[in-house]
Amino acid sequence: MSRILLLLVIVLWMCRTQVPSFQRPMGYSQGAGLFVAGLLLVVLFMGLWSRVLARHVRGETLHRSLQRFHKSMFVARLLIPVWFGVAIFALGWGELVSRMLGPIDRWPVDLPGVIVGTMPAFLAWMALWWAQFPADRALREQSTIIALNEGLPVRSPPTFWSYFSANVRLQVLFTVVPVALIILAHDLASLGLWQWGRVDLRSPVPPTSKIMMIELGVQLASIGLVVFFAPEVLRRVLHTQPLPDSPLRRRLEELCRRTGLEYREILLWKTNYYVCNAAVMGLTRRMRYILLSDMLIETMTDRQIQAVFAHEIGHVKHWHMGWYVVLFATLLLACFGPGQLLDEQLNRLPLPAWASMDALKGAVAFMGIAGFFMLFGYVSRSFERQADLFAARTMQALDSPPAPMHTCASLDPYGAAAFIAALHRVAMVNNIPISARNFTHGSIAQRVRYLQSLSSDPAGALRFDRAMSLLNASLLFAMLSCGAWVLVALTVR
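In this note's numbering, the protein residues as written are 15 to 507.
Simulated from the structure, these hints should not be mistaken for laboratory data.
It cannot be assumed that every hint is accurate.
[To be verified] Pair ranges (Cβ atoms, derived): (1) L494 with R65: 52 to 58 Å; (2) P167 with L389: 38 to 44 Å; (3) G336 with F386: 14 to 20 Å.
A quick note: this is a predicted structure, and the numbers were derived from the prediction, not measured.
By construction, the Cβ of each residue, glycine as well, lies at the ideal position given by its N, Cα and C atoms.
Please model the complete structure; the sequences and the hints are all you need to start from.
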């Protein structure tokens with residue numbers, strides 16, 4: 015969810031010229047002061063709350079403190095994009111940044127404005143790690159007793175700078191760097207067209223079909239280029255190295271061979287033993303990396319690591335990253351197709367004297383953004399359940415003869431239990447309450463219950479497979495429909 019909120023900050027900034035602003039109740043300097051003061055208030059309040067919690071947390075109240083802690087931090091982080099949106103559309107923050115940029119604001123580029131405009135929100139986001147650190151450290155110290163009872167390695171909690179740098183890499187840089195590269199590629203193309211082709215993609219004049227086609231092509235090319243090469247950049251952002259040769263690596267390589275997974279490298283993700291997680295990056299074999307964190311390898315059994323690894327394989331085998339590309343391409347095409355038509359229809363809509371067209375367009379834009387994020391969350395949670403099911407099926411087939419693995423349609427309790435054990439270990443090591451909700455993954459408890467229900471219902475897994483096929487077909491149909499709409503609109507324009 016953290017990356018979604020960070021993306022929302024950038025989306026709000028990029029939409030500032032598309033969504034009408036409300037009448038400012040104060041001057042630019044007063045609005046900027048109120049904006050910064052609001053962010054400071056959130057950070058300082060959470061810092062005080064965190065230090066009170068760190069002093070009073072005890073073993074008998076650990077579970078309740080964890081839940082309260084996660085909920086409070088979620089609300090604090092949610093307030094950052096909300097208040098940022100208020101600053102842009104009501105306090106004049108966008109206009110002030112334009113004045114600060116001076117002549118650069120008239121160039122056909124977006125990256126300078128994105129950097130300056132979103133900086134306060136990102137700084138406040140990072141300041142919340144300062145606020146959160148005492149409580150997080152106290153909770154990790156309390157959880158050492160659980161680790162000792164489980165026979166797990168015990169390490170001292172990370173220092174603040176280790177904690178801070180790990181979060182900067184994992185959340186801010188992992189999210190912002192690819193987006194910044196997409197914007198940079200788009201800006202370079204826009205500058206070239208502006209300088210040599212005399213085509214201004216940011217002109218306030220209603221664009222011709224030629225300009226719209228060029229803009230759409232530049233955006234799709236920028237996104238495609240960065241998506242393809244992003245794994246090479248992100249593997250360095252996350253501080254990784256090839257997983258050393260070991261019996262574990264050889265077992266993982268054998269699992270890849272049996273599932274037919276092609277990849278470039280299996281990487282050890284060095285988090286200073288702060289994060290217990292795994293990830294997969296890349297659309298093609300030559301750009302595909304599978305990451306296992308140092309803490310995951312240290313705190314989980316080989317079989318649990320295989321289960322987590324199989325979950326990441328499931329994301330690749332079901333082509334989830336490709337479907338995310340389809341989803342975002344649909345959004346882009348929808349803005350150029352149905353979005354343009356909706357804007358034209360709103361302009362023709364007769365409104366009563368008391369109504370405001372700007373307010374109406376703002377409400378429609380807000381509903382569109384909210385609807386897309388809701389759809390993204392649903393798709394993401396569905397993909398996680400599909401990867402969970404793939405991992406559970408793989409674990410139940412793992413003890414079969416070493417031949418190419420074809421995961422069976424049904425799911426038995428043994429396979430489900432093997433992956434559920436890995437989920438519980440990940441939650442325990444990361445100090446995550448199993449009931450804690452996650453926008454993109456769902457809670458651990460929900461995922462466990464769903465796997466248990468599929469393992470007790472032989473036809474349940476088949477129904478889920480059909481539902482996922484229908485979801486993928488719907489995404490593809492939506493993208494093709496929006497693409498056809500755009501082509502027809504540009505042809506008759």
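How the hints compare with the structure:
| no. | hint | in the structure |
| --- | --- | --- |
| 1 | L494 with R65: 52 to 58 Å | holds (54 Å) |
| 2 | P167 with L389: 38 to 44 Å | holds (41 Å) |
| 3 | G336 with F386: 14 to 20 Å | holds (19 Å) |
Going down the numbered hints, you'll see the structure goes against none, and every one checks out.
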